[in-house]
Amino acid sequence: MENPRHWRIRKQRYALVGEVCPHCEAKIFPPRDVCPNCGGEAKTQFNFSGKGTVFSFTVMNDAPAGYEKNLPYAVALVKLEEGPIVTAQLTDLGDQPVQIGMPVEMVTRRIRDDGDEKGIIVYGYKFRPAMSSAQ
Amino acid sequence: MREVAVLGIGQTKIDEQWEKSLRELAGEAVLAAMLDAGITRADALYVGNMMSGSANHQQHLGTYIADWVGIKNAEALHIEDACSSGAAAFRSAVMAVASGAVDVAIAAGVEKMTDSPGSEITAELATAADQDWEASQGLSFVALNALIMRRYMYEYKWERDHFAGFSINAHANGAHNPFARFQEPISEAQYRKAPMIAEPINLLDASPMGDGAAAAVLVPAEMLRRGNGRKVIRVVGSAAATDTIAIHHRKDPLWLSAAEKSARQAYSQAQIEPKDIDLFEAHDAFTIMAALSLEACGFAERGQGPRLAMEGEIRPNGRIPIATRGGLKARGHPVGATGMYQIVEVVQQLRGEAGATQVEGARYGMAQNIGGSGSNIITHILMCE
Ligand SMILES: [Zn+2]
Numbered sequence: 009m010e011n012p013r014h015w016r017i018r019k020q021r022y023a024l025v026g027e028v029c030p031h032c033e034a035k036i037f038p039p040r041d042v043c044p045n046c047g048g049e050a051k052t053q054f055n056f057s058g059k060g061t062v063f064s065f066t067v068m069n070d071a072p073a074g075y076e077k078n079l080p081y082a083v084a085l086v087k088l089e090e091g092p093i094v095t096a097q098l099t100d101l102g103d104q105p106v107q108i109g110m111p112v113e114m115v116t117r118r119i120r121d122d123g124d125e126k127g128i129i130v131y132g133y134k135f136r137p138a139m140s141s142a143q
Numbered sequence: 004m005r006e007v008a009v010l011g012i013g014q015t016k017i018d019e020q021w022e023k024s025l026r027e028l029a030g031e032a033v034l035a036a037m038l039d040a041g042i043t044r045a046d047a048l049y050v051g052n053m054m055s056g057s058a059n060h061q062q063h064l065g066t067y068i069a070d071w072v073g074i075k076n077a078e079a080l081h082i083e084d085a086c087s088s089g090a091a092a093f094r095s096a097v098m099a100v101a102s103g104a105v106d107v108a109i110a111a112g113v114e115k116m117t118d119s120p121g122s123e124i125t126a127e128l129a130t131a132a133d134q135d136w137e138a139s140q141g142l143s144f145v146a147l148n149a150l151i152m153r154r155y156m157y158e159y160k161w162e163r164d165h166f167a168g169f170s171i172n173a174h175a176n177g178a179h180n181p182f183a184r185f186q187e188p189i190s191e192a193q194y195r196k197a198p199m200i201a202e203p204i205n206l207l208d209a210s211p212m213g214d215g216a217a218a219a220v221l222v223p224a225e226m227l228r229r230g231n232g233r234k235v236i237r238v239v240g241s242a243a244a245t246d247t248i249a250i251h252h253r254k255d256p257l258w259l260s261a262a263e264k265s266a267r268q269a270y271s272q273a274q275i276e277p278k279d280i281d282l283f284e285a286h287d288a289f290t291i292m293a294a295l296s297l298e299a300c301g302f303a304e305r306g307q308g309p310r311l312a313m314e315g316e317i318r319p320n321g322r323i324p325i326a327t328r329g330g331l332k333a334r335g336h337p338v339g340a341t342g343m344y345q346i347v348e349v350v351q352q353l354r355g356e357a358g359a360t361q362v363e364g365a366r367y368g369m370a371q372n373i374g375g376s377g378s379n380i381i382t383h384i385l386m387c388e
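In the order they appear, the protein sequences are chains H and L.
Just so we're aligned, residue 9 is where the first sequence starts under this note's numbering, counting upward by one.
Just so we're aligned, residue 4 is where the second sequence starts under this note's numbering, counting upward by one.
Hints listed in this document are in silico derivations from the structure and should not be mistaken for laboratory results.
A few of these clues could be false.
[To be verified] With a Cα cut of at most 35 angstroms, we get these calculated DSBU-like pairs of lysine-lysine: (1) K160(L) - K87(H); (2) K196(L) - K87(H); (3) K160(L) - K59(H); (4) K35(H) - K254(L); (5) K196(L) - K23(L); (6) K160(L) - K51(H); (7) K264(L) - K35(H); (8) K160(L) - K16(L); (9) K160(L) - K254(L); (10) K77(H) - K87(H); (11) K75(L) - K87(H); (12) K35(H) - K160(L); (13) K19(H) - K254(L); (14) K23(L) - K75(L); (15) K264(L) - K87(H).
Work out the full structure: start from the sequences and follow the hints.
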């Protein structure tokens, strides 16, 4: 029952495909066809770079049903370079402490595993410490 | 529009009520409110509830509860508005009586959470957030609030300990409320040592869930003025506003714009200002929400909410008492019922029936119920004539 729901937004989940407003040039993610900034129609596709910084974060010690296998995991509000904020998990952190303002970049990872019962494995965006800044 | 008054109130203790079903809880509160009001029939019943469909496999609660309490043939509706379902039911009843369509309306809120296992309840609570773009990333409702609190502490330079006063005040007041889930005071040391749920939110920042129901009977105020010797508690402000469903879409994620808008409207309807409010039942689901609510409703400057807690101004004898019967933090947060508990508690205060935590001479009481992470906020102001 959940398959179509995840499939429908695959472009966003795998490639951060959003929109740009032709009227005010606001970048929009996820796409919603009406610009939240100026209210004009916005259907022009825009591919986000996947680069951003941590706006806020926390660590999940208790997970909702379906996410227990990842515990504990960090989640964040990531402010994308182009403007919008997205809610996502952080990954590949190693021993690196997370901080507000830390540069991150988008990667595709397994988000949720429903196990043998339903067999759906959901992949999508997560953010890892930006490679360029780690060098 | 007719003036509307609260004639009766009822509530159950919030707890893990293993022996009681969804309808038994709702019935207990509704029948108590009807008894308090001295009525045996009603024209309409509005039932606020968030998750009976998933947690109890029961929808259609309007009919389900009307049938159970025996108000035969009454109009009845189930109203869902996430954690603000209770206030949404109350507002529906207020509008029905004010419009003249209905003379005697009952508003109830009920949530039966312990029929579902913990991780499922966590997932069900997260359905109040944006499923595709927040919850499906693996965030719980606590996590969303933790994101707000962390950023708030960063921008306004607060430490975790500065939030302790909210929790301490709530528990101190809950100790005197026989309907509260927790009836023991807590110390600052206990707050500091509480286990972390999702940093920076620890167990004593977060409200406990529970099973519970609360209800009120509403009638035209003129009906009461004919004299039954009782105080007339009138609804003088009722307003609701929305914000984006996802936190990440807000221009300022640290500002409850829907709280500001609905509170302003309610003040204007009541023809009063924030300084006239004698007590405020705020939606302290998390300590950060108490701080943000105080700011948005005009009791504190932006970013300065915790100061009111540190200075004791939120206690029953302070400048703006909140959580006077324990708040969500100590009384408990049976999500869809919470808004009705707030109304019941404001009525207790205005009647002078709040015992040890009575706010002296309370005339105006405000209740504010938040749905989602600040996405749908309903404000009511009640006045004792
Ligand atoms: Zn635009």
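Against the structure, the hints come out as follows:
1. Note on K160(L) and K87(H): the hinted pairing holds, with a Cα-Cα distance of about 20 angstroms set against a maximum of 35 angstroms.
2. At roughly 32 angstroms between alpha-carbon atoms, K196(L) and K87(H) fall within 35 angstroms of each other, so this suggested pair holds.
3. Distance restraint check for K160(L) and K59(H): the Cα-Cα separation of roughly 27 angstroms lies within the 35 angstroms cut-off, and the hinted pair is therefore satisfied.
4. Distance check on the hinted pair: K35(H) and K254(L) sit about 14 angstroms apart at the alpha-carbon level, within 35 angstroms; holds.
5. Distance restraint check for K196(L) and K23(L): the Cα-Cα separation of roughly 34 angstroms lies within the 35 angstroms cut-off, and the hinted pair is therefore satisfied.
6. About 40 angstroms separates the Cα atoms of K160(L) and K51(H), which puts this hinted pair outside 35 angstroms; it is violated.
7. Between the alpha carbons of K264(L) and K35(H) the distance comes to roughly 27 angstroms, so the proposed pair stays at or under 35 angstroms and holds.
8. For the hint pairing K160(L) with K16(L), the CA-to-CA distance comes to about 38 angstroms; that exceeds 35 angstroms, so the pair is violated.
9. Our distance criterion of 35 angstroms between C-alpha atoms is met by K160(L) and K254(L), whose separation comes to about 20 angstroms.
10. A distance of roughly 27 angstroms separates the Cα atoms of K77(H) and K87(H); the hinted pair therefore holds under the 35 angstroms criterion.
11. Taking the CA atoms of K75(L) and K87(H), the gap is about 55 angstroms. The hint is violated against a cut of 35 angstroms.
12. A distance of roughly 31 angstroms separates the Cα atoms of K35(H) and K160(L); the hinted pair therefore holds under the 35 angstroms criterion.
13. Taking the CA atoms of K19(H) and K254(L), the gap is about 25 angstroms. The hint holds against a cut of 35 angstroms.
14. This hinted pair checks out: K23(L) and K75(L) have alpha carbons roughly 23 angstroms apart, not beyond 35 angstroms.
15. Between the alpha carbons of K264(L) and K87(H) the distance comes to roughly 27 angstroms, so the proposed pair stays at or under 35 angstroms and holds.
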